[in-house]
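Undergrad: The lines below spell out each chain.
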Amino acid sequence: MAETPRRAAGRRLQLPLLCLLLQGATAILFAVFVRYNRETDAALWHWGNHSNADNEFYFRYPSFQDVHAMIFVGFGFLMAFLQRYGFSSVGFTFLLAAFALQWSTLVQGFFHSFHGGHIYVGVESMINADFCAGAVLISFGAILGKTGPAQLLLMALLEVVLFGLNEFVLLSLLGVKDAGGSMTIHTFGAYFGLVLSWVLYKPQLEKSKHHQGSVYHSDLFAMIGTIFLWIFWPSFNSAPTTLGNGQHRTVLNTYYSLTASTLSTFALSALVGQDGRLDMVHVQNAALAGGVVVGTSAEMMLTPFGALAAGFLAGTVSTLGYKFFTPILESKIKVQDTCGVHNLHGMPGVLGALLGVLVAGLATHEAYGDGLESVFPLIAEGQRSAMSQAIHQLFGLFVTLIFASVGGCLGGLLLKLPFLDSPPDSQCYEDQIYWEVPGEHEDLAQGPLRAEEPDTQA
Amino acid sequence: MAETPRRAAGRRLQLPLLCLLLQGATAILFAVFVRYNRETDAALWHWGNHSNADNEFYFRYPSFQDVHAMIFVGFGFLMAFLQRYGFSSVGFTFLLAAFALQWSTLVQGFFHSFHGGHIYVGVESMINADFCAGAVLISFGAILGKTGPAQLLLMALLEVVLFGLNEFVLLSLLGVKDAGGSMTIHTFGAYFGLVLSWVLYKPQLEKSKHHQGSVYHSDLFAMIGTIFLWIFWPSFNSAPTTLGNGQHRTVLNTYYSLTASTLSTFALSALVGQDGRLDMVHVQNAALAGGVVVGTSAEMMLTPFGALAAGFLAGTVSTLGYKFFTPILESKIKVQDTCGVHNLHGMPGVLGALLGVLVAGLATHEAYGDGLESVFPLIAEGQRSAMSQAIHQLFGLFVTLIFASVGGCLGGLLLKLPFLDSPPDSQCYEDQIYWEVPGEHEDLAQGPLRAEEPDTQA
Amino acid sequence: MAETPRRAAGRRLQLPLLCLLLQGATAILFAVFVRYNRETDAALWHWGNHSNADNEFYFRYPSFQDVHAMIFVGFGFLMAFLQRYGFSSVGFTFLLAAFALQWSTLVQGFFHSFHGGHIYVGVESMINADFCAGAVLISFGAILGKTGPAQLLLMALLEVVLFGLNEFVLLSLLGVKDAGGSMTIHTFGAYFGLVLSWVLYKPQLEKSKHHQGSVYHSDLFAMIGTIFLWIFWPSFNSAPTTLGNGQHRTVLNTYYSLTASTLSTFALSALVGQDGRLDMVHVQNAALAGGVVVGTSAEMMLTPFGALAAGFLAGTVSTLGYKFFTPILESKIKVQDTCGVHNLHGMPGVLGALLGVLVAGLATHEAYGDGLESVFPLIAEGQRSAMSQAIHQLFGLFVTLIFASVGGCLGGLLLKLPFLDSPPDSQCYEDQIYWEVPGEHEDLAQGPLRAEEPDTQA
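Residue numbers (my numbering), protein chains in the order written: chain L, -13 to 444; chain E, -13 to 444; chain V, -13 to 444.
This is chain L alone, in the form it adopts within the complex (with noise of 0.2 Å):
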């Protein structure tokens, strides 16, 4: 490699570090600030006179483990798309996510659960903090191959904060909905990583182009991201709403949404590729954008036709951006977005929040009955009406437009800090440079019996 010895004892120190400093400085705050919650907590669960039974944990930590498989397998293996980025999108992943977890933990506690001094978690701060690690995790998606670990943890540090003020804003301070996350998640985590990626542009990325591609077990390995984000996604969008019907509710919701959103990107894919054949790419992401598309009124009165439509329109949208925006977004906007965030997460976000806006101003009390406080508070309580609440939903959208932004600007001029390793352009996509990478028995590396036809190297 042409890597300077200098390159390398930098790139040896950043790396472990930064995992110790922030690890260091989690747990003090830990230490500190956490403690466990009243369905947590030997002492605390005993005050009272209450069943077992009714302990948060049954209601909520089957989704909770839905969920922390989207995180940990979903995104993982759908970023293993690429020939030699495997272990970087596994891996990094599994890195970034962990961190996540444990900030967003203490940020998301000091907005939401900080009560004399202590935050009190339980299952439902384990949900939060895996949503937040999925808005990193997008953002992740638009850099993928193109930044060092250190970067990445630089970057999610920043980007927990910023999600945790946005989630806040936007639920507690506006009253916004949007319980899958259209807006706090998708089109936080996508805006947020494609601005990033802007400010970070490579201009003789082309250099790498080689490696950009997939081969044919990486996008096997791809599929099983993708087919575990898609049965989890109910779990998903209705892990943190209200129990009994709305989280039912959510569930089917997002279950037919999804049945459409694969049925129109298979159609879309075939239509626009050539010689009619299918893309994995478009399979492996747009088929999600269903989930995507409904994580704002998956929890309200969407009805089924409603999700179907939803779906629809949103592989629909998937798709097309996958095959005509992408190339524009690089070559015009200068935007390198490495996975499509912007077709998956981004524009299905936008559209979620817009959708969420609709079926919000259409709340009725005919159609949500005695369930209107749950599900609109505000609403049910009459300080709000239906357009009002509408209102604040699509302000919502606008705030998070600007979070996003800002952010991912601040982010991008953290991750140029002169001293911080990154790739060179013409080794991006890449796992070499930051993982020891078998295969040096190259004789060994292509299937079990090809050590014993060495003919086929002479």
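In case anyone wonders, no lab produced these hints; they're calculated from the structure. A portion of the hints provided could be inaccurate.
Heads up, the list lumps identical chains together, so a pair's fine if it works in one copy or across two of them.
SDA-like mimics (lysine to any residue), calculated; alpha carbons at most 25 Å apart, straight line [as the list claims (entries may be wrong)]: (1) K193 - E422; (2) K320 - G134; (3) K195 - R263; (4) K195 - E422.
We have chain L; now place chains E and V onto it with these hints.
TA: Frame of chain L; chains E and V shown alone:
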């Protein structure tokens, strides 16, 4: 490729048009008919007095998610064993199941939850729709690699209707018990697919034989499917059973049965293998037969020993089927069964139906106590003797075989419509007809270090 | 192969005969002893007045399913990192665990739920059996690639008995707490396997070194195992704890501990890696040490900070163990530890036991309130002081180490029986001895387009 431009143009249009047509049709039917049920509707749920903890969601959703994983991860990756057909196996599973979920929500809804002009949906309709998708994917296994995606969608269009009708006849008209679907899912799906494959017989399939095997890593991808099917099968069989002891017992029986089919599969595979070697095909498939064979009886008082014995038998029959019967099926009966669904779903399904006959016939008030009402309501209410229930169970098997055979014939004739895009005999088991396959940079396809060793190409 | 026909014939018979014998024996014992418990029996469940929602099933089954996934997906794929041993890693895990589940249902049943001549089974016996299978698979990790499947089954036959006995001594006789099994599972499994590997020492293993590494895609398969173990570990540690706050707190502690072990693993791996590169072996394994280290104490009032600190320590020790101690273990102590179970399960297990000593010793009525009864019943009832509980915990560790060491010796002697089929030193880590391995069509083994480019063979 030896393909004319006209064929390519035809293919370009068939799949997208069919996807759009089917999605449009189901969307319209959803708009007209499908409504949230009492447990998912914001207004309906709040009528009457009940706790959120009573919502059916909390009793069935974890099982549903396991079933959902089996359909998309399990079936998809299990079929990815072919060396050049992984994109199609995983991708068409994705497409077919997504469509089947929508379509069977409608079909099963008309048969099972149609009241006052509307179909009411919730977690049970999601489970049932996934079950129906399972039957479609079993049939897909028989014809894997020999049909195009438009043909597969048409197959699903027909099969879902016949599945719903057969299920209605068995469960509602005949009062047959079949929680895990030994008959309604496995027997039906297998014989539908096998008869269909017989109608589609490809005399020159020999020309594609060199693609029909696996490669090392494709076998490992297939094991992902196998293991996920195996671990979640207890949830599959128990997902629709009565709550409490019924669900609990079904899980336990299925768990034991699967452990026994695994041991008998390894035993038989080594016994009949060349030089005592184990065969991945057996391990990937026959080890699962224990789940199929208790599909009818796991809900009953099968006893733990009964579960072990049934699983052992199923693993044995299935492994021997792969070794000795599949070649005969192809050469003598002209049924080309790509995944050997006859061995995994066909024979074990029939065995499972017969086991259900036996166990139902042995039902006594002593053994079931007050639980008889939930397992065999007609016996508990005195409308039937155990013997009569057993005879109904047996009749259910015959009905299923007839529906499957007639359906498979109709399906075969439908798929032979001459204008439908179908792969030629010499290009079966081949992703490249339907997918843009990476690998043009051949030197990158073999491992991360290959590009640096161009001398191997010399 | 340099194998005599007699050896091949011997192998042909050993595995199937042993499978059939063991399956026959457990089936007979099941018939005689195993019965549905009150929660799974149709008649028993309906005695007395309780709601279906009270069935233990709903409190434990989601956790059980996560544990089940860890055993079969997690362990199976984690061990698939070897380039030519993926079939055996996943397949023998499958076989061994399937047998261990049956056998430990009997052994643990005799020790824990034997009443009136019968063993009563339900979801808790399933969880316990899976735990025991986990210990067997840990031992398998130490000898991975160096033993045949018949040897492995014999090992499981012995180890399950000793596991059950050790667990009985600790939990029932000594009143030791060890919900997640730092002692009973990890320490026991690791040292049983390590001592066994020491007895089986293969002096000429060097001849198989060229197969001992990974290839690029085998490392990605292994990451599937890692990630599934990581995400579901909170369910593992909490599966058998007391309901309500106990289960909830155990999950939370495990979740935090794992995030910290991930950060310390990345930090240390880069710090000690060549040129600061990360090592997949560390990430695949040491990042999991956070789950092991809180196996005893996660149920206790460890505090979130305590969980982070414990996880950090475990990841550090484990990574340094892989880097510096494993080579010494092999060269000096003559223990060949294929998967490094000493680093992932051995040292973190012992640390976890000691952490349990510490946290138990610090237990106060103030900290646990009325929850003390469920975490430390003997302290709550005044039969023991916290210090006495701590001493019992420490004694439990010594008992475990003795059972594991003696058991490993016995196991080693058993597996050295000369007539047992065992791979020669020069053919270790090699699927082809036991499996029919595809790849004869070498030109197809390297990617979909290779066959069309025969010139690369010239």
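Undergrad: Determine for every hint whether it applies to the structure shown.
TA: Here's how the hints hold up against the structure:
Proximity of K193 to E422 under the C-alpha cut-off of 25 Å is found in both arrangements, the shortest distances being 22 Å within a copy and 23 Å between copies. When the C-alpha separation of K320 and G134 is checked against a cutoff of 25 Å, the pair qualifies only within one copy, where the shortest distance is 20 Å, while the shortest distance between copies is 39 Å. With identical chains, the CA atoms of K195 and R263 are at most 25 Å apart both within one copy (23 Å) and between copies (23 Å). Taking the shortest alpha-carbon separations for K195 and E422, both the intra-copy value of 22 Å and the inter-copy value of 18 Å come in at or below 25 Å.
Comparing the model with each earlier hint shows no violations; every hint is respected.
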